[in-house]
Amino acid sequence: MAVKTLTIDGKPVSAEENETILQAATDAGIKIPTLCHLDGLSEVGACRLCITEVSGSNKLLPACVTKVAEGMEVKTNSERLQKYRLMILELLFAERNHVCAVCVANNHCDLQNLAAEHGMTHVRFAYQYPNVPVDASHDWFVMDHNRCILCTRCVRVCDEIEGAHTWDVMGRGTNSRVITDLNQPWGESETCTSCSKCVQVCPTGALSSKGKSVAEMEKRRDFLPYLVQQREGRP
Amino acid sequence: MGHQDGTALGWKGKEGLPSGGPSTHEINLADLSKGWSKQGGQVKVVKPPLPSPDKRWKIIDAKMRKMGYQPHALIETLHAVQESFGYLDEVALRWVAKSLRVPPSKVYGVSTFYNFFTLKPQGAHTCVVCLGTACYVKSASKILEAIEVFTKIKPGETTPDRQLSLLTVRCIGACGIAPAVVYDGNVSGRVTPEQATEKLKGYFSHAS
Amino acid sequence: MLLEELKGIAEKEKAGRKQICVRCCMSAGCMSSQSAEIKQVLEKAVADRQLGDRVEVRRVGCMGLCGQGPLVSIEPEGLLYERVTPENAATIVETLAGGTTSAQRGDLTQPFFARQVAVVSRNGGRIDPERIEDYIEAGGYGALHHVLHELQPADVVVAITQSGLRGRGGGGYPTGLKWATVAKSKGERKYVICNGDEGDPGAFMDRSVLESDPHSVIEGMAIAGYAVGANMGYLYVRAEYPLAISRLQIAIRQARQRGLLGDALFESTFNFNVEIRIGAGAFVCGEETALMASIEGRRGQPRPRPPFPAESGLWGFPTLINNVETFANIVPIIIRGAEWYAGLGTEKSKGTKVFALTGKIKNNGLIEVPMGITIREIVEDLGGGAPDGAKIKAVQTGGPSGGCIPAHLFDTPVDYDSLMKVGSIMGSGGMVVMDDTTNMVDVARFYMQFCMEESCGKCIPCRAGTVQMYQLLNKILERQATIKDLEQLEELCDLVRNTSLCGLGQTAPNPVTSTLRYFRNEYLALLQPETGGYGVDAKQPADAKVAL
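Chains as they are written, first to last, in the numbering used here: chain D, 1 to 235; chain B, 1001 to 1208; chain R, 2001 to 2548.
Because the hints were derived from the structure by calculation, they are not lab data.
Source: prediction; values computed, not measured.
Don't be surprised by glycine CBs; every beta carbon is placed ideally from N, CA and C.
Among the hints, a few may not be true.
What the hints assert, rightly or not - Label pairs and their in silico Cβ distance ranges:
1) B:Ser1084 / R:Glu2490: 43 to 51 Å
2) B:Asn1186 / R:Glu2077: 52 to 60 Å
3) D:Asn175 / R:Asp2417: 46 to 54 Å
4) R:Glu2339 / B:Asn1186: 15 to 23 Å
5) R:Asn2271 / B:Pro1048: 32 to 40 Å
6) D:Asn175 / B:Glu1198: 30 to 38 Å
7) B:Asn1186 / R:Glu2275: 23 to 31 Å
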């Protein structure tokens, strides 16, 4: 396999052909913020946090789906990118009802961590305060739509790893919502195997285990690379 | 909202679920595996029976057969269901999901992504006000306003007596004769608010 | 089917023609004003007057001047009647027997018709779209025969490349280059897709082509299939166009019966089939990756490109996607040659473009004009200016992805690059004329609401950003906004344009940025004065107060 050399933030990096900018950067110890991406799941390029500036392209390219190329010069952290990322995070916080202080995932939340990393002190955009439900019908888990950022990690892990495809997204635009089966209460789902993979990959407190109090919900994701590795080469 | 939507589809808690039951997963999964049998490592798909003797299911089944019961037939099949029944109900969604081997959540996701599909029964008549640019420039909003006042319903709603469903659309391509309104599938051009309410009056007087 | 049979059909049609042809427009616009009844009345009148031996009444497609419909024309006299009614239709037939008519006369020599160059619309208003024989008589399927027997696939690609044709769906990507890429891509199967998801509000060019001349699109797709090595085509048409769908179904059935679709076309080794897929009301499905997702039976959500459809498209196979008007250009290019086509239009934008001219304009309808014509010529000469002496303020092109071009820039030539320079786009061809009663902030809000409702919800900037922008525009229109809100609106425009996943999001801010660019005063007039707004009544022309 051919090796490509490129520079990321001025640092010379070599990467295998077919690797993404994100993989090459991660291997080189350069951190690019991500949210919808999760190692082991397919890429959707939806959260737009990993956008990078690539010389020769007038468009900003998401690192998670853009393949490396010989001589590529990538900037991952310009002032402009930081500004855009902060705005995207603010848009997310304004979109649903994210109240960290009462959240089970407080201190263990990908969204919260990113906000802290980007120095988000307040949200400049109008809060939408949508009236969305909490589904506590499942015996062991809770879905709180107030905290959902529609990253679709749950949809993908359920489809690609568990194979049940219990989750999907209904509606569109700002009215989109993740659903189980025919938009019925989770506890009544006919396809859910209660494997908890969706809960573990969820970046926020939207999916959590029952019985957890504020800041108690820590997620375990080590199963994901393990399962992907175990399945390699199998049909 | 999720629960509300669910009720709209006919679920009334656990008891109301056709295949559910108070004690959950084993029963549900067992039910799910009905119609599937394992043969030599390959899961053989058995076609689910028609939901009822209603002839319309046969038309829909024919559509799916024509497309080889492939998952990609989903949207075409939903078109056929809506054409036959006027809307997509839970029974239809489940049956289509099983027939095409598409997960139920995916069927629901597709059904709610596209504006054309509706999960609620429509009124005896439909009135679709075009809100495309040409109609907008020619004050289509005034027509809609007049209809809303007259019918006391908003776009997407049906009158309580189920006579009329009011809908809006983003351009039907009749821009040359803007503003346009579609009554029961027939396009009318250069509509005025007065004409529109006059036309709708007819729908209600026939009913009474 | 052999060439001789094709010629035979055409000759038989010609022989059966009557001396006088009364053409009755049966496109969606005129159909909505009772043109079906009018045709019946005309037919009955011909029978009653016993004119059947020299007069025929023919259903035809769009004649263009939709705003004056229903239209009836008489050939070879070249007479046009406008706003015909079932009541006065019979008197039109009377004129053929020396009588008089009360029907309103139109003028086929007026600039609206005279300045047009019919390439795509060559058969519109002439042939019966529901009869393949009519199309064959007009030379139809001759280009396909020529291509299959005289040209190698690579020659076809060269011809399209040399013609300089660019994609008519909006982006203006060189068609020849796209075909060449798909032709070179390796795949066990390949597909040709015709994008008929004409979602831009205010545009109906593709509807008209599909309703008036469905076979030319099918023939264009077949030629494309031969050129790139595809045997299967999908026509994706929006559900809002039931007449177009039904005419396409008829056309496909007839073409199959005549052996013009199917296996071994014209006794060559080339097989080609076409199926229709009906959209279900989602503007975003005009985006090619979303459209393919929809054909695959999924939610119509775009995915990041690359890979482009040319390499990995429908079900992962190389796929050629062009829009309706692009395919309708193929047959003329093959028949009359790439050089002829390249002689039309400007250096970088070749050929003609069909526009839907609507809004506050005298002549509402469809026009096909050479690229490079100025907006002024279109609006004033073809369009006849504003009705009732109103003052035209701006023209909106490109729909929700485009922008508003103010009157002082009406000398801008209509081509891909010039429109881009003034902050709009060619788009698919919608051209909505606005007069001074139109508030431009309200226009911006109209489009933003459209984009917000049509956002698929996949990427955050478009899903959440359009909501915020819509609310800010509302706030401005309600006179509750400050200069800070305007700044935030501009910041959001910048974010959504640069970070959204697909074209819908990337262009969603255009109606706001273009109106801000040319009509900033109208925004400022609505802001609260103490915060830097002008606090003047926006209904008055803003330029009377402050010159920027």
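Here is how each hint holds up against the structure:
1. B:Ser1084 / R:Glu2490: 43 to 51 Å: Cβ of B:Ser1084 to Cβ of R:Glu2490: about 50 Å, so the range 43 to 51 Å holds.
2. B:Asn1186 / R:Glu2077: 52 to 60 Å: violated, 32 Å
3. D:Asn175 / R:Asp2417: 46 to 54 Å: violated, 38 Å
4. R:Glu2339 / B:Asn1186: 15 to 23 Å: violated, 47 Å
5. R:Asn2271 / B:Pro1048: 32 to 40 Å: Given about 35 Å between the Cβ atoms, the range holds.
6. D:Asn175 / B:Glu1198: 30 to 38 Å: holds, 35 Å
7. B:Asn1186 / R:Glu2275: 23 to 31 Å: holds, 28 Å
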